[in-house]
Amino acid sequence: MYVVIMGAGRVGINLANALIRAGFDVTMIEKDPELCSHASNELDALLICGNGTDLKILDEANVSDADAFVAATGNDEANLLACILVKEFKPKKLIARLSDPAHEDAFHKVGINATVSPELTAASYLEKLIIRPKIADMVVLGKGNAELIDIPVENQDVIGKKIGDMSPNKNYVICAIYKPPNYEIIMPEPNITIEEGDKISILIKTPSIKSVVKKFIK
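Each position in the sequence shown, counted from 1, maps to that position plus 336 in the working numbering.
Just so you know, the hints here were simulated from the structure itself, not pulled from any lab data. Fair warning: there could be bad hints in the mix.
Quick list of in silico lysine to aspartate or glutamate cross-link-like pairs, EDC-like style, CA-CA up to 20 angstroms [claimed, not checked]:
1. 429 x 401
2. 554 x 531
3. 550 x 490
4. 497 x 486
5. 498 x 531
6. 515 x 531
7. 554 x 490
8. 535 x 490
9. 515 x 501
10. 429 x 403
11. 423 x 396
12. 551 x 493
13. 428 x 486
14. 426 x 378
15. 515 x 493
16. 498 x 525
Using the sequences and the accompanying hints, generate a full structural model.
Put into structure tokens, the structure is as follows:
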């Protein structure tokens, strides 16, 4: 797959490196000479030093062949304009970074497939770490109506029970179990017994998170 990313800031660089590691072909567009220089040292990708709101630059990046175009700068107006221009090249998917949630409707009205706000996501993640400090990791799924979280099993009420006796139910499903000392992933077969020291990955409906987490954590 081929992806064009506009913006060689922290978000753009991290995204590009992740896609490259996954085997994607990536082209990066960046107008700031200093960021271009930094990106050239960081990325094994085609780098175009130019303005992503310039049709000639977009054509040079072969946006018409892209499976996705990602406007990843920290400027909502630049990201919106770039996506409007890119629509002429008909990439398969348009994705834009969004800094101000108030602009989200404007992005969707011009046909942008998805908007992402790293700042809001980070803030939400930090909030959850403060509210639920024993949760090792978490991913918000769907439209925020479910979360996949990793937690240690501490509550004696569930230790000794079989996974099949507890999962799945209408509020959660245990997706994986990790046993000491190596904590390698084990698929959650119904007859596996939960033991003290185990960790689990569990998919929970957001309204039930507090009660479900309490079921497994002291």
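Item to check | Contradicted hints - numbers only | outcome: 13 and 14
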